[in-house]
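Turn these sequences into a full structure, and let the hints steer you where they fit.
Protein chains in written order, with the numbering used here: chain X, 15 to 251; chain L, 15 to 251; chain P, 15 to 251; chain C, 15 to 251.
Where hints are given, some of them may not hold.
Remember, identical chains collapse to one label, so a pair may be satisfied in a single copy or spanning two.
Unchecked claim - Derived lysine to aspartate or glutamate pairs resembling DMTMM-like cross-links, with alpha carbons at most 25 Å apart:
hint, residue 1, residue 2
1, Lys53, Asp233
2, Lys160, Asp137
3, Lys249, Asp65
4, Lys249, Asp87
5, Lys160, Asp233
6, Lys171, Asp151
7, Lys38, Asp137
8, Lys178, Glu161
9, Lys53, Asp73
10, Lys228, Glu152
11, Lys228, Glu159
12, Lys38, Asp73
Note that these hints are calculated values from the structure, not bench results.
Each chain, written out:
Number of protein chains: 4
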Amino acid sequence: MSDPDLKKLKEEVFKANLKLLEEKLVIFTFGNVSGINRKRNIIAIKPSGVDYSRLSPADMVLVSLDGKIIDSDLNPSSDTRTHLQLYRAFPEIGGVVHTHSRYATILAQACMPVRCLGTTHADYFYGDIPCTDVISDEAIRKDYEKETGSLIIDTFKRLGLDYKFMKACLVASHGPFAWGNSPDEAVFASLILEEIAMQNCFTRLLNPSIKSIKAVLLDKHYLRKHGKDAYYGQKKS
Amino acid sequence: MSDPDLKKLKEEVFKANLKLLEEKLVIFTFGNVSGINRKRNIIAIKPSGVDYSRLSPADMVLVSLDGKIIDSDLNPSSDTRTHLQLYRAFPEIGGVVHTHSRYATILAQACMPVRCLGTTHADYFYGDIPCTDVISDEAIRKDYEKETGSLIIDTFKRLGLDYKFMKACLVASHGPFAWGNSPDEAVFASLILEEIAMQNCFTRLLNPSIKSIKAVLLDKHYLRKHGKDAYYGQKKS
Amino acid sequence: MSDPDLKKLKEEVFKANLKLLEEKLVIFTFGNVSGINRKRNIIAIKPSGVDYSRLSPADMVLVSLDGKIIDSDLNPSSDTRTHLQLYRAFPEIGGVVHTHSRYATILAQACMPVRCLGTTHADYFYGDIPCTDVISDEAIRKDYEKETGSLIIDTFKRLGLDYKFMKACLVASHGPFAWGNSPDEAVFASLILEEIAMQNCFTRLLNPSIKSIKAVLLDKHYLRKHGKDAYYGQKKS
Amino acid sequence: MSDPDLKKLKEEVFKANLKLLEEKLVIFTFGNVSGINRKRNIIAIKPSGVDYSRLSPADMVLVSLDGKIIDSDLNPSSDTRTHLQLYRAFPEIGGVVHTHSRYATILAQACMPVRCLGTTHADYFYGDIPCTDVISDEAIRKDYEKETGSLIIDTFKRLGLDYKFMKACLVASHGPFAWGNSPDEAVFASLILEEIAMQNCFTRLLNPSIKSIKAVLLDKHYLRKHGKDAYYGQKKS
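Given below as structure tokens:
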């Protein structure tokens, strides 16, 4: 693989996968990051079930957006078709992450959204992070991994959510997916998701009747960081 | 900035911000410490949204007590006006800290005070650490960060609390603020707050009907450390 | 002990015991791993109550499948007869682990199975991980450690479970046992068990009415990794 | 202090205090270990409120069993009179530890004993670890620290407990005390206490109606390690 763009993509995806492990979002082989080159419509993704300690950038598997493995002897992650489905439906994302990180998975298993209970959440996600319904038997039997992607996409449609402002979704009985402009930003979204999921769990245990924060406070925090008149952080020059 | 007093202030504030990260009270850029030079009425505070790894003492932003940025190209923390409001209302404090530390934030999101449930708490805070009401829509729209400070100040007035004996406050749906005689002491108060908030959460989950400890026990512990006849620690010479 | 097969077994068992400590599944001397040489019908197991820091491979105690200590001045783990009972009843296992790892023990103390609440679980264990009944007074008085093994075996019979697809069991009021093809795989099963037990505890606290996942989803995940048409991971050559 | 016995005592007590910090049973100055020389009736204890980083063995304060400071400019721990009370009432103990370790303190704040819910507990403590009543106003006003010791002693009398088989007690609204034959063994008891207190909290949250394990199982586990026919561990030669 001498193509410099794809080599760079593999390196980004490799680093992002390592970061999952370093940040303790995954143990063993629980999780995967992919990235896409939108000009070529090719993604790079972690191979399936290989220990992180034995991976190098060259091992990342290239797969075309329509699902063909390009020039690799390794199987891509078994979740590849879920990633592809998200890249097709969300045209501006550059990276996708799937983990079984502890508290996001706990909420997914409890079939509960990550309610927006405070400004820590509102700083990064514009409202409750949804949890899908449990996948149907039919979808499991048909094409499980692809249908998992469709389930996320349908949940976003049903709830009227914009993937640019809501960069994560819990899949019921399964775990979290997150995305961003790049593999690295998708990992960042996963890290924030895990932190707020942890706070969510214990806030709800302490006060089961707590509601999502009001719209005015959500808007204030989300928009001061991500709105067109954002004043958080430094001026972009 | 060749002024030695302000240089020293910046160094103190820088170190205190690093300590937040080392002690795991913050992840990423979640939190900020400021300090004040009371003779000059100038505070130093962390710049907004800059990674801790890229900060040096010189990057701390100087802001006058009435809110003017002094000699800096960086924006100060977006929470600066909250800090300033506290410095104006609490004339003897020398440092302010805001974090999203886990358990203090959990209680803030649950809209619950940190009840004084034991001597670990009573050794450092003279009674329940209050949680404000949720900020009003009007206050959010007017001047959100300044009004967050006013909300803390009003809560202290309403409850008859003295900021010298109660060095922290939870802001509902948001997170904790703490203060002290110096930036370093404000960080110390934040660390103790987080530890007792953790113990608070689980004590209340185990025994939801538990009450704050009785006044005699609170007085004994707080005053043996902080009262005029304190006998904890070593004689000050 | 100059026999190379038994020397190798001792080394495997020693390394697996160390791994328990490194992975924080045990503190102090809480736990033990054994392995078996099926040709010889000899197991190697950690000696009883000796600090991990003072152990070497040579200290692993060899015991025949019918319970005789072979050539050692050290007592084997007090749980040895439980291990032997499992090796006799489960003829294809090569390693057994007992720990008091936190969350698996918490569920065992609560007398609750580890419900299969998500795909993280379904990827490794084919359904709920059972919890035995509390051991009878008679069994305790008769031959406690051997009877603990029998209790696990009887539980598997009663529930119609196959030890090859369900590589762990909680003993009520006690803690977890796990097994695998080798000492190392038994440790791996213990690690996965602890992770999913942790997620189990908090999922159930958040949603006490949550049920085990449906059979179709369980089959999909377990069989894509462990079934005859498994497609997870890389082709075995 | 050239007396070799007392020098040795100071060293033991110093090391045991450091271990509290290393094992994360204490943060800052939360906690203290003492040891006694029974021939001299002199204890050594950590000085009050001094950072662990600034302590050396020579700083340990010697106090006679009737409470007189011997040859030191430093104040002993403010809890010294509690320690002395325990040494007087429990004539065979050699070390005492007080901490605010997380889960033991949580149970103390919840005014709950550490129920004996499993064999992890039964291996080290012979039954439920008691929690005292809340100390009376009169006792607080009279001689708070001494009366805290008396409260523990009275609780043991009331419940018919033997301090040799029950080496810890929770003080309601306060935290744990533990003891042993030496300062090091008292620290060990504190570590085990914290581990089982953690498991206790979550077991009770999951199954609030869970009862202490039955006497036959308690006897089996405690006595196989600590009874006269103990068979756990290695033969003492």
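(request) Provide an ascending list of the numbers of those earlier hints which the structure does not satisfy. (result) Violated: hint 1 alone.
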